[in-house]
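J.: Listed below, chain by chain, are the residues.
Protein chains: 2
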Amino acid sequence: MIRINRELLQYITELQDSGITCETYGPGEEIIGQKKRVLSVRIVKSGIVKCYLTEDNGNDFIQEFFGEGEIFGEIEVLNGNPSFCALETITDTEVCKIPGDRFGELLQTDKKFNELILKALASKVHYTAIRHSYHQSHAIEDNLLRLKKQFPRLIDVIAKRDIANYLGVTLRSLNRTINGMRNKGI
Amino acid sequence: MIRINRELLQYITELQDSGITCETYGPGEEIIGQKKRVLSVRIVKSGIVKCYLTEDNGNDFIQEFFGEGEIFGEIEVLNGNPSFCALETITDTEVCKIPGDRFGELLQTDKKFNELILKALASKVHYTAIRHSYHQSHAIEDNLLRLKKQFPRLIDVIAKRDIANYLGVTLRSLNRTINGMRNKGI
DNA sequence: CGCGTAATTGAAAAGTATCAACACTGGTGG
DNA sequence: CCACCAGTGTTGATACTTTTCAATTACGCG
Numbered sequence: 001m002i003r004i005n006r007e008l009l010q011y012i013t014e015l016q017d018s019g020i021t022c023e024t025y026g027p028g029e030e031i032i033g034q035k036k037r038v039l040s041v042r043i044v045k046s047g048i049v050k051c052y053l054t055e056d057n058g059n060d061f062i063q064e065f066f067g068e069g070e071i072f073g074e075i076e077v078l079n080g081n082p083s084f085c086a087l088e089t090i091t092d093t094e095v096c097k098i099p100g101d102r103f104g105e106l107l108q109t110d111k112k113f114n115e116l117i118l119k120a121l122a123s124k125v126h127y128t129a130i131r132h133s134y135h136q137s138h139a140i141e142d143n144l145l146r147l148k149k150q151f152p153r154l155i156d157v158i159a160k161r162d163i164a165n166y167l168g169v170t171l172r173s174l175n176r177t178i179n180g181m182r183n184k185g186i
Numbered sequence: 001m002i003r004i005n006r007e008l009l010q011y012i013t014e015l016q017d018s019g020i021t022c023e024t025y026g027p028g029e030e031i032i033g034q035k036k037r038v039l040s041v042r043i044v045k046s047g048i049v050k051c052y053l054t055e056d057n058g059n060d061f062i063q064e065f066f067g068e069g070e071i072f073g074e075i076e077v078l079n080g081n082p083s084f085c086a087l088e089t090i091t092d093t094e095v096c097k098i099p100g101d102r103f104g105e106l107l108q109t110d111k112k113f114n115e116l117i118l119k120a121l122a123s124k125v126h127y128t129a130i131r132h133s134y135h136q137s138h139a140i141e142d143n144l145l146r147l148k149k150q151f152p153r154l155i156d157v158i159a160k161r162d163i164a165n166y167l168g169v170t171l172r173s174l175n176r177t178i179n180g181m182r183n184k185g186i
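As they're listed, the protein sequences go chains U and Y.
Throughout the first sequence, residue numbering follows full-length UniProt numbering, covering 1 to 186 in sequence.
Throughout the second sequence, residue numbering follows full-length UniProt numbering, covering 1 to 186 in sequence.
Simulated from the structure, these hints should not be mistaken for laboratory data.
Every value quoted in this text rests on a predicted model; they were computed, and no experiment measured them.
Using N, Cα and C, we set each Cβ at its ideal position, and we do this for glycine too.
Now the in silico label distances, taken between C-beta atoms and shown as ranges:
1) U:G180 x Y:S173: 20 to 26 Å
2) Y:L15 x U:S46: 39 to 45 Å
3) U:T21 x Y:R172: 52 to 58 Å
4) U:K148 x Y:C22: 46 to 52 Å
Make the full structure from the sequences, and use the hints.
T.: Dropping the structure here:
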């Protein structure tokens, strides 16, 4: 649900590098738009950022919520494509910004950094694969229970609309499912 | 649909490395089971391999079809987890097998290899993100059209059951959709 | 031929989306 | 202080889509 990567956050925090800067955002700000060129890699220092994709039919699909230590923009910088997701803050947020060329240098010269990025990518593949499989094969209720287990404060922090978009269902269906669960005493 | 990675295939083919061996499989053989320890990374030299995940409720969800140059097992070797997908051949298949420790060495010593793996991982994240978003936000018919565009020989090569599992719908729904499209002259 | 696997189909049940109306909340300005 | 507004959340009724279940057909192969 809300991904974190403590190891990467700690490493980047301790890394003294003049090329790396810090940015702060308020809630609801767009950090990267969809289909834009991406010139920097960013790592969340604090706050929650939603990573989502608007389809041609207007539907939003939320890929992931990024918390502390999560990295984004690295996919685009690595393969040179424009951004396929938009990134928007949910809470007040601080991020580290690593320019693309510096990112490439670090990958080449810093073995530990290289390893952390490889692991971060592997973890993204792993996590999203499991999540999407689960979503495809289970009812909304199961998915909600799974989310609540992973992140109990869910409804306090994330808007209903976003939860629905994360699950790939309409708000109406989400509400009905929640009511059904309430009646069953969950 | 059927992913390929020519650059990686070419590099691995030209790489003279005594640690890398070759395996051949017939159709329908399991290369890696689900939840097993993964000790080697493999790269498809020829053939098609399906990567799928069986959920607790018995549903299979196909993550991806791997064609020439696609790599698998690297996620598990990188982060040390057991396999989250099973891998099963669809056609006659040849794969390169790279022992896990050799894979780690190559990542550290071979800059080009390291770069290719980073790009392969980035590509997997990119591709699956877009695919899942599309699936969540579009009707079955749109998804079928998209597949047919990407891979016209679809129905000749892949079993209906597998196509349904790839799209995350039942065989019945797939058939109904196909009939509907036939009647509309598609 | 006989067997197992894959493919096809219909009918009923279950699940979701769509649409439209209404409630709640926290600001803002008169 | 209150009316108003925008954003968020809630709900009912209906239409539509998908699954489930069960039965039937088609195909490849020893």
